[in-house]
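**Student:** Single-letter residue listing:
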Amino acid sequence: MDQIKNEKEEPIIKIRDLHFSYPSGYEALKGINLNIFKGEVLAIIGRNGAGKTTLVKHFNGLLKATSGEVLVNGLNAKEHAVSRLAKIVGYVFQNPADQIFSSNLWDEVAFGPKNLRFSKEEIDSNVENSLKMVGLLNKKDTHPYDLIFSERKLLCIASVLAMDPQVIIIDEPETGQDYWGIKKLIEIIKEYESIQRSIVLISHNLALVAECAERVIVMNDGKIVGDTFTPDILSNIEMLSKARLKPPQIIRLTLGLSKWNVPKELITVRKLAKYLSGL
Amino acid sequence: MSLIEISDLYYSYPGFEAKVLKGITVNIDKGSFTGIVGPCGAGKTTFSLTLNGLIPHLIGGKMTGSVVVDGLNTMEHPIADLSLKIGMIFQDPRAQLSGSGLTVEEEVAFGLQNLGVPREEILERISKALIDVGLSGFEERSPFELSGGEQQRLAIATVLAMEPDIFILDEPFAQLDPMGVEEVASIVGELNKKFGKTVILVENNTEILANFADRILVMEAGKIVADGSPREIFTDIEYLENTGVIPLQVTELAHLLKKEGKWDKEYPLTEDEALKEIKRIFFW
Numbered sequence: 001m002d003q004i005k006n007e008k009e010e011p012i013i014k015i016r017d018l019h020f021s022y023p024s025g026y027e028a029l030k031g032i033n034l035n036i037f038k039g040e041v042l043a044i045i046g047r048n049g050a051g052k053t054t055l056v057k058h059f060n061g062l063l064k065a066t067s068g069e070v071l072v073n074g075l076n077a078k079e080h081a082v083s084r085l086a087k088i089v090g091y092v093f094q095n096p097a098d099q100i101f102s103s104n105l106w107d108e109v110a111f112g113p114k115n116l117r118f119s120k121e122e123i124d125s126n127v128e129n130s131l132k133m134v135g136l137l138n139k140k141d142t143h144p145y146d147l148i149f150s151e152r153k154l155l156c157i158a159s160v161l162a163m164d165p166q167v168i169i170i171d172e173p174e175t176g177q178d179y180w181g182i183k184k185l186i187e188i189i190k191e192y193e194s195i196q197r198s199i200v201l202i203s204h205n206l207a208l209v210a211e212c213a214e215r216v217i218v219m220n221d222g223k224i225v226g227d228t229f230t231p232d233i234l235s236n237i238e239m240l241s242k243a244r245l246k247p248p249q250i251i252r253l254t255l256g257l258s259k260w261n262v263p264k265e266l267i268t269v270r271k272l273a274k275y276l277s278g279l
Numbered sequence: 280m281s282l283i284e285i286s287d288l289y290y291s292y293p294g295f296e297a298k299v300l301k302g303i304t305v306n307i308d309k310g311s312f313t314g315i316v317g318p319c320g321a322g323k324t325t326f327s328l329t330l331n332g333l334i335p336h337l338i339g340g341k342m343t344g345s346v347v348v349d350g351l352n353t354m355e356h357p358i359a360d361l362s363l364k365i366g367m368i369f370q371d372p373r374a375q376l377s378g379s380g381l382t383v384e385e386e387v388a389f390g391l392q393n394l395g396v397p398r399e400e401i402l403e404r405i406s407k408a409l410i411d412v413g414l415s416g417f418e419e420r421s422p423f424e425l426s427g428g429e430q431q432r433l434a435i436a437t438v439l440a441m442e443p444d445i446f447i448l449d450e451p452f453a454q455l456d457p458m459g460v461e462e463v464a465s466i467v468g469e470l471n472k473k474f475g476k477t478v479i480l481v482e483n484n485t486e487i488l489a490n491f492a493d494r495i496l497v498m499e500a501g502k503i504v505a506d507g508s509p510r511e512i513f514t515d516i517e518y519l520e521n522t523g524v525i526p527l528q529v530t531e532l533a534h535l536l537k538k539e540g541k542w543d544k545e546y547p548l549t550e551d552e553a554l555k556e557i558k559r560i561f562f563w
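Read top to bottom, the protein sequences are chains W and D. Under the numbering used here, the residues of the first sequence are numbered 1 to 279, in order. Under the numbering used here, the residues of the second sequence are numbered 280 to 563, in order.
These aren't lab readings, by the way, just hints derived from the structure by calculation. Among the clues, some could well be false.
Below, a list of computed lysine to any residue pairs in the SDA-like style, where the Cα atoms sit at most 20 Å apart [unchecked claim]:
(1) W:Lys183 - D:Asn521
(2) W:Lys271 - D:Gly540
(3) W:Lys223 - D:Ser426
(4) W:Lys274 - D:Glu556
(5) W:Lys274 - D:Lys537
(6) W:Lys274 - D:Lys538
(7) W:Lys271 - D:Leu554
(8) W:Lys271 - D:Lys538
(9) W:Lys271 - D:Glu556
(10) D:Lys298 - W:Asp146
(11) W:Lys259 - D:Glu552
(12) W:Lys274 - D:Glu539
(13) W:Lys274 - D:Leu554
(14) D:Lys555 - W:Pro263
(15) W:Lys271 - D:Lys537
(16) W:Lys264 - D:Phe562
(17) D:Lys544 - W:Leu279
(18) W:Lys259 - D:Leu554
(19) W:Lys246 - D:Ser426
(20) D:Lys555 - W:Leu255
(21) W:Lys271 - D:Phe561
Next comes chain D alone, as it looks inside the complex (with noise of 0.2 Å):
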């Protein structure tokens, strides 16, 4: 069933004629994990806005088509109404973070309170969020005293109080070390595995992807120009770094190999995948 329905999207930024978004369909399924890659100036963080509605209602711009979310279309309904169905996480934590949290049980009940849940439940919420995104006994801690990785979790817990059904998440690791990758991915995979999240997720590390989405849309120049499944999507390296993709290395590796004649099967996404052709191949 789908949950997002995008037709015919068009769109251009205020005070400028170029279209950044050229005529984008496609439908999102609920419960999916969709993840969406393109090199830089692709369009697919503004794609991501129109989606929850900060493009048209905030920004701006000269928006056609239609964006329909779980029945909602985004041009009618403002965006209060529509983050109660769609929450959004950005690169920078600390640009989320509301500034007037003073600890991390005040920064996640910030947005219930301005929704006016009752404040048993606000309690409960919060407790909830903080220890799906393992942030449980953090609650008296300074949001800004946190390190990137625990302020991502912290911005992920303040959405998921909301009770969203879809989350968008737009790079979400790019400010963070290897280890805050790692800690926040995890939480990501769990918003679909474990919480039946509906997850699109704007990210160009394909480890990430491959581990997680079961569907990846690639857009170049403000459309999008493949659809499939991360193995049919990121076993096609030349197509991958045509369209500025970086490729995961054991997959490159394979394709290097199959030029020499030395690689006979599918391409792997995994360390495993490949250690056992590898294997097969050359150590048996």
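Chain W on its own, in the form it takes in the complex (with noise of 0.2 Å):
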């Protein structure tokens, strides 16, 4: 149990004082401190500009450090090649267009593992499984333009999930998903989840936020400025506010409800309903 525990504690990620400057000189990062935990699903949310992608491109070596330190695994992210640390970080763009090169799904999804030099058996099983995972292993000799926007951004998915990363970073996935595809973007979230890797979901939608995330980290300007459980953020309104952001409907509900003493973790429709349906 307290070898567990531990575990748990060390974290994967690790960021002390992280600064970043664009060649522009434009700060876009201003001390960031930060630890991702094994297992834990963490969303970041805040505006666009607020820096949500600057600071998670640090993850993977897409970005280095202009001052401050990023830890992956222990090995300094600024001292390794990307391809080093995509072992462990995995990253899925926003947009599908920026990652996508292969004349079918199967192809598309080999690609990284083969590079990463996993062996054939291992390729062929985390193709399968992870084609399976988003749904789209039925369509594996289809060709990535054939399928529909949806569709394209749950292949990237399957892409990251292939090379069976530690982390797996998710950056707005919930842009152009209808009913079916937020569901199963939260499928694959709590499936990844199970097998203890870590997920950090950069998202607007912030119903699907509360789905998911334990741990949400709020950005604004350069800062994170809210770093805590998901309803206690999520029912801040204030904070929320000042990072431009506006809770979903079924929580502004729950707040109007507070003075019946309905409690404000009750962030989403299934849980607000069944604590109604005990009354």
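Once you've looked at the hints, go ahead and assemble the two chains, each given alone in its own frame, into the complex.
**Tutor:** Printed below as a string of structure tokens:
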């Protein structure tokens, strides 16, 4: 028990006083301190331009710190190639067009694990499992560009899952997703969490965040302005509005019911329904 | 009075056999606000491109049936004529900016100069359009330095300045953050309520549609499969989920409570409606 706890306490990603300026001189990150632990689902929220994507690009070495330190499994991210860090941290881009280039889904998903020199057996089983997890196994011979946009985003998730990273970053996966797409995303995140992987979800969809994440960090103007359990953040209207965010409809309702002692932890439709049914 | 009349519309993209639109017949009234919802791949964007003539004139493909916009059959009139009647706003505001305008003012002027509008009138129209979208004072700023929400409002201003009667907006909130969504949504609402434009909004955000739309069309596999008021469409939770449309959270809540025998009234669409009923049922 102690050992498990210790493992959980040693962060996979450890960030100390991270500053980053773009070559133009624009300071996008202004002193970030953050630990990400094994098996946790962490959401990063904040307005466009707050620094969310700039921050996560430091996790796999796509960007190198101007000052401060990013340790990934103990490795200083500044000193290691993206290819080395890719085994630990997988990044699903916002725009699927940035990462699709093969002529069928199977090869597309196999590309990453092949490059990382996985064995043939591992590649086959990872590709099959990943396509299955995102619900695209039945289309494995299809050309990626014959998929609709929402499916292409799921394909990108599968491509990263197939490399079996310890941390997966998913950047605004909800864009262009319909009801089924969002449901699928929730399933994928929960399934990945269940095998003790960490997930970093960047999202504007606070209903999705409420459903999946245990912990939320709020970014504004290159800084972390909130970092705690999801219900505490999502029901903190003052903090959200400072970061130019707004709680989803169900949380606004729950807060409206607080004078009848309805707990503010009830941040999803299902949780509030269960509570009210029990009255 | 119908401003747009669509009958028996079928369409397939160039080089493809498969029809993306499969027999659409619908009229849109002047001054109405119509929301179009449906799962990804239903043909919503394709449908909207047929309304301003980009299909078939620019994109090509095989189109049968007819689309008549304010008396003009889109097959027989060029995009330039149609663009005086109908303006379009896309997902990505940056894709819509001409790129040739160095300032916000020049960006709005661009379309008007192409129409040959006299200089004095151009200046008047720019000033009015920027006031209407809340960008007055931004005249000298670079369009590419604006936030996403501001860029989308600028895109709306460039269309407003052309003074079309009809606005089609295709997921105009998709690239925006939550505050950007709020600021653009309130402008979209005003297009209809304040400026009297006929608005067609392709959007899966049911909360925004419930606030503004007076009619909802549900599209699925190239067809319109339901047509009703937001209340009629959005309170049928099982139907919505089957069609891939995300229900409003408070409506879904009422639906779950009804299954437990705890909800006996009509389903709510807003948190105020939900609050009132919940008070009555659980906390009276």
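**Student:** If a hint holds in the structure, say so; if it does not, say that too.
**Tutor:** Hint check:
Under the criterion of a C-alpha separation no larger than 20 Å, the hint pairing lysine 183 of chain W with asparagine 521 of chain D is consistent with the structure, at around 12 Å. Between lysine 271 of chain W and glycine 540 of chain D the CA atoms are separated by roughly 17 Å; this keeps the pair inside 20 Å, and the hint holds. Between lysine 223 of chain W and serine 426 of chain D, the direct Cα distance comes to roughly 19 Å. Compliance with the 20 Å bound is thereby established for this hinted pair. Between lysine 274 of chain W and glutamate 556 of chain D the CA atoms are separated by roughly 17 Å; this keeps the pair inside 20 Å, and the hint holds.
For the proposed pair lysine 274 of chain W and lysine 537 of chain D, the alpha carbon gap of about 12 Å is at most 20 Å, so the pair holds. A distance of roughly 11 Å separates the Cα atoms of lysine 274 of chain W and lysine 538 of chain D; the hinted pair therefore holds under the 20 Å criterion. For the hint linking lysine 271 of chain W to leucine 554 of chain D, the alpha-carbon distance of about 16 Å falls within 20 Å, and the restraint holds. Straight-line distance between C-alpha atoms of lysine 271 of chain W and lysine 538 of chain D comes to about 15 Å, which keeps the hinted pair within the 20 Å bound.
The hinted pair formed by lysine 271 of chain W and glutamate 556 of chain D meets the criterion: a straight-line CA distance of about 18 Å does not exceed 20 Å. For the hint pairing lysine 298 of chain D with aspartate 146 of chain W, the CA-to-CA distance comes to about 15 Å; that is within 20 Å, so the pair holds. About 17 Å separates the Cα atoms of lysine 259 of chain W and glutamate 552 of chain D, which keeps this hinted pair within 20 Å; it holds. Taking the CA atoms of lysine 274 of chain W and glutamate 539 of chain D, the gap is about 9 Å. The hint holds against a cut of 20 Å.
Distance hint between lysine 274 of chain W and leucine 554 of chain D is fulfilled; the C-alpha atoms sit about 16 Å from each other, no more than 20 Å. At most 20 Å may separate the alpha-carbon atoms for a hinted pair to count; lysine 555 of chain D and proline 263 of chain W meet this at roughly 18 Å. With a CA separation close to 15 Å, the supplied pair lysine 271 of chain W and lysine 537 of chain D stays within the 20 Å bound. For a cut-off of 20 Å, the pair hint linking lysine 264 of chain W to phenylalanine 562 of chain D stands: about 17 Å separates their Cα positions.
Of the supplied pair hints, the one linking lysine 544 of chain D and leucine 279 of chain W holds, its CA atoms being roughly 18 Å apart against a limit of 20 Å. Restraint check: the Cα-Cα separation between lysine 259 of chain W and leucine 554 of chain D comes to about 12 Å, which is no more than 20 Å; the hinted pair holds. Straight-line distance between C-alpha atoms of lysine 246 of chain W and serine 426 of chain D comes to about 18 Å, which keeps the hinted pair within the 20 Å bound. With a C-alpha separation of about 14 Å, the suggested pair lysine 555 of chain D and leucine 255 of chain W falls inside the 20 Å cut-off, and the hint holds.
For a cut-off of 20 Å, the pair hint linking lysine 271 of chain W to phenylalanine 561 of chain D stands: about 16 Å separates their Cα positions.
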